[in-house]
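**Student:** The lines below spell out each chain.
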Amino acid sequence: MERLPKWADVVLVPLISLLLAAVIAAVVILAIGQDPWEAITVMVQGSVMNAYGWGYTLYYATSFMFTGLAVTVAFHASLFNIGGEGQAQLGGLGVALACLFIPWPHWTLALLGATFAAAAFGAAWAAVPAYLQAKRGSHIVITTIMFNYIAAAFLIFMLVDVLRPAGQMDPATANFPEATRLPTLNQIPVFNLFFTSNVPANVTLFIALGMAVVVWLLLWRTRLGYAIRAFGKSEAAARYAGISPFMIVMVAMLISGGLAGMMAINNVMGEAERLLQNSASGAGFIGIAVALMGRNHPVGVVLAALLFGFLFQGGAELGLWTKIPIEMRIVVQGLVILFTGALDMMVRMMLTWVFNALRAGRTAKGAA
Amino acid sequence: MDYATLLQILDSTLRLATPLLFACLAGLYSERAGIFDIGLEGKMLMAAMASASVAFLTGSVWAGMFAGMLASLMLAGIHGIASITFRGNQLISGVALNFVASGITVLIAQRLFGQGGRTPPLEGDARFSPITLPFAEELRGVPVLGPLYHEVISGHPLLVYVALLAVPLTWWVLYRTRFGLRLRAVGENPAAVDTAGISVVGLRFAAVAITGILCGLAGAYMATALQAGFGREMTAGRGYIALAALIFAKWRPVAALWACLLFGFFQALALRPDVVQAVVQVKVPVPFLDALPYVLTVLVLAGFVGKAIPPRAGGEPYVKER
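Line by line, the protein sequences are chains A and B.
The opening residue of the first sequence carries number 510 in this note's numbering; numbering runs sequentially from there.
The opening residue of the second sequence carries number 2 in this note's numbering; numbering runs sequentially from there.
Since the hints were derived computationally from the structure, they do not count as laboratory data.
For each residue, glycine too, the CB sits at the ideal point set by N, CA and C.
Be careful, since some hints might not be right.
Claimed, not checked - Sample of chain B residues with no beta-carbon within 10 Å of chain A, all distances over it, derived:
id, residue
1, Gly89
2, Leu98
3, Gln111
4, Phe136
5, Gly156
6, Phe180
7, Asn190
8, Trp259
Claimed, not checked - In silico DSBU-like cross-links for lysine-lysine, where the CA-CA straight-line distance does not exceed 35 Å:
id, chain 1, residue 1, chain 2, residue 2
9, A, Lys515, A, Lys874
10, A, Lys742, A, Lys515
11, B, Lys284, A, Lys644
12, B, Lys251, B, Lys321
13, A, Lys644, A, Lys742
14, A, Lys742, B, Lys251
15, B, Lys321, A, Lys742
16, A, Lys644, B, Lys251
17, B, Lys321, A, Lys515
Taking the hints into account, I'd like the entire structure generated from these sequences.
**Tutor:** In structure tokens:
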């Protein structure tokens, strides 16, 4: 059997997987008695046909870039970090503490400080499952999932019993001070030509894009990145080459947790401007889909994050304007993970078959 | 803590351990055959929704239970096709199906009942009712053992006893039948099974189907016995806790029973803040109790497992040599 050309493997396989997921999603919409064409129209209208929609699409995409990169770094060390959700919530706690208790003179400094706090808290939350995996062999998939539940309970405790201002009913922190307010895209020169009204997408978008470059440099241009990828490909070979498995598991998970935590500067500092319950709202899990769809490469992750930004914003519009519940987003997310991550071999087999048929046709013609 | 309180906690322990036990045994069949299944959670959720919906619509808990098993089998089938036929990543397939289940259960329940993704509360024959075991009333007066028999062992819905019986049955199937020997072999060394002329694919699909049926029972129990209806995300991580129990039990059926009872006990404790406070003598905030089963799961995985060696071919798709 001939192999697939590289361009087909990189471009066609994810696109066909996505198409299959979309077809199944359409069948689901039909099955609950709704109109898939109407659904896609509403989604496109509400997310990419005007500046307001783009403002939200880019805002969600920013979060997904962080969590997608987080999953990617762990994947390259052959670790499956499902704990992005909890790490992002802890990152939110870091941001809230930094914004509330340090008197920042200017938003640039506040952004710097909050980013460090978010990354540190996210990394700390990933550190325990990482240590248990590296030292005690506890399965990281299960421990990170448990840590998601623990994070949710811990955040409720912090919001209800510790950080909630006196006299306030809803479990949330006080509003962050004015000096920590991040500029949104409509307040940034050049971008304000397109974004004329207030949008949630903010300056964090550029940090996310910057982190994509940093992750690419880290994985493919540094000694540490080489060690992470070598460990991910073959633990035995890495060990033989003098790479410490303990060190790689810890470092990869700390970077992963840090990236997931950094997502909080987008949603907590950039948008809500206070810490709410369930602040990550599923973005940690979407990181898994984004990383798989993006084939674990920063460029792919950025593109996949944009796609999921569209799906997330479009899904919210569905919940507003149609009878399709907002949970449709989770179904689509699951389908994309299924087709790009688990059924990719099926797509590849189908494509190989098509390519071989084409090739056979061409040789037959050449012979005649 | 007095004896009556202890009995109450043990009673909830058994009730809460039952779905874990079904799911844990479900995972045992699958993983012993070399197929990892993170998707126990999703299958339980799907079964819970299907059984509650059908039980409400037909008024029969039995119809509900079979619908739950069928729904869970469908997800198991997809997992089988992805991980056996197309040799995909088993962890990713499981995670994906969990998301699909999480969303689609709400979609279907909303379409059927329009109550924000819940089913209406179940009553009467649409639920499993408690069974009083023979002599429970008569033996009640016997000191110590009488109340234990009456309060803890008797008076549960049928599925609790089915789960308990599934433990020796699983042991027998696994260690005393030809099927069980082959199942264990296919999880350790599928090439050897193939050489003996037995179908690796067939055995693995059989294991995945058993997993589907048992997860179906777990979900049906959740929605029609433990609670009266389906609510979104009602399984709350039980599928994952069952996996932790499976690792703790080192993939052995009888040990799985004890592991599930232990995790059930943790969940029962979380429901009794008064008892926990009386024991530790400090006011414990409610979120801490909510997190307790998950924290203890991590602690058990971290500290007490010892060396847990999974089936050798677990997670590896089998490629026949050409």
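**Student:** Now tell me, hint by hint, if it's right for this structure.
**Tutor:** Against the structure, the hints come out as follows:
1. Residue placement check: Gly89 (chain B) does not keep its beta carbon more than 10 Å from all beta carbons of chain A (closest about 4 Å).
2. Some Cβ of chain A comes within 10 Å of the Cβ of Leu98 (chain B); the nearest lies about 7 Å off, and the non-interface call is violated.
3. Distance to chain A contradicts Gln111 (chain B) as a non-interface residue, since its nearest Cβ pair spans about 5 Å, not more than 10 Å.
4. For Phe136 (chain B), the requirement that its beta carbon stay farther than 10 Å from each beta carbon of chain A is met, with the minimum near 41 Å.
5. Distance to chain A confirms Gly156 (chain B) as a non-interface residue, since its nearest Cβ pair spans about 30 Å, more than 10 Å.
6. The claim that Phe180 (chain B) is not at the interface with chain A holds, since no C-beta of that chain comes within 10 Å of its own (minimum 27 Å).
7. Its beta-carbon lying about 19 Å from the closest one in chain A, Asn190 (chain B) satisfies the requirement of being farther than 10 Å from that chain.
8. Once the 10 Å rule is applied to beta carbons, Trp259 (chain B) is consistent with being away from chain A; the minimum gap is 19 Å.
9. A distance of roughly 25 Å separates the Cα atoms of Lys515 (chain A) and Lys874 (chain A); the hinted pair therefore holds under the 35 Å criterion.
10. Proximity of Lys742 (chain A) to Lys515 (chain A) is assessed by CA-CA distance (about 20 Å); at most 35 Å being required, the pair is judged to hold.
11. Straight-line distance between C-alpha atoms of Lys284 (chain B) and Lys644 (chain A) comes to about 34 Å, which keeps the hinted pair within the 35 Å bound.
12. Distance check on the hinted pair: Lys251 (chain B) and Lys321 (chain B) sit about 28 Å apart at the alpha-carbon level, within 35 Å; holds.
13. For the suggested pair Lys644 (chain A) and Lys742 (chain A), the alpha carbons sit about 20 Å apart, so the restraint of at most 35 Å is met.
14. Taking the CA atoms of Lys742 (chain A) and Lys251 (chain B), the gap is about 27 Å. The hint holds against a cut of 35 Å.
15. Simply put, Lys321 (chain B) and Lys742 (chain A) have alpha-carbon atoms about 22 Å apart, close enough for the 35 Å limit, and the pair holds.
16. Pair hint Lys644 (chain A) plus Lys251 (chain B) holds up; C-alpha atoms about 18 Å apart against a cutoff of 35 Å.
17. At most 35 Å may separate the alpha-carbon atoms for a hinted pair to count; Lys321 (chain B) and Lys515 (chain A) meet this at roughly 26 Å.
Checked against the numbered hints above, the structure breaks hints 1, 2, 3 and satisfies the rest.
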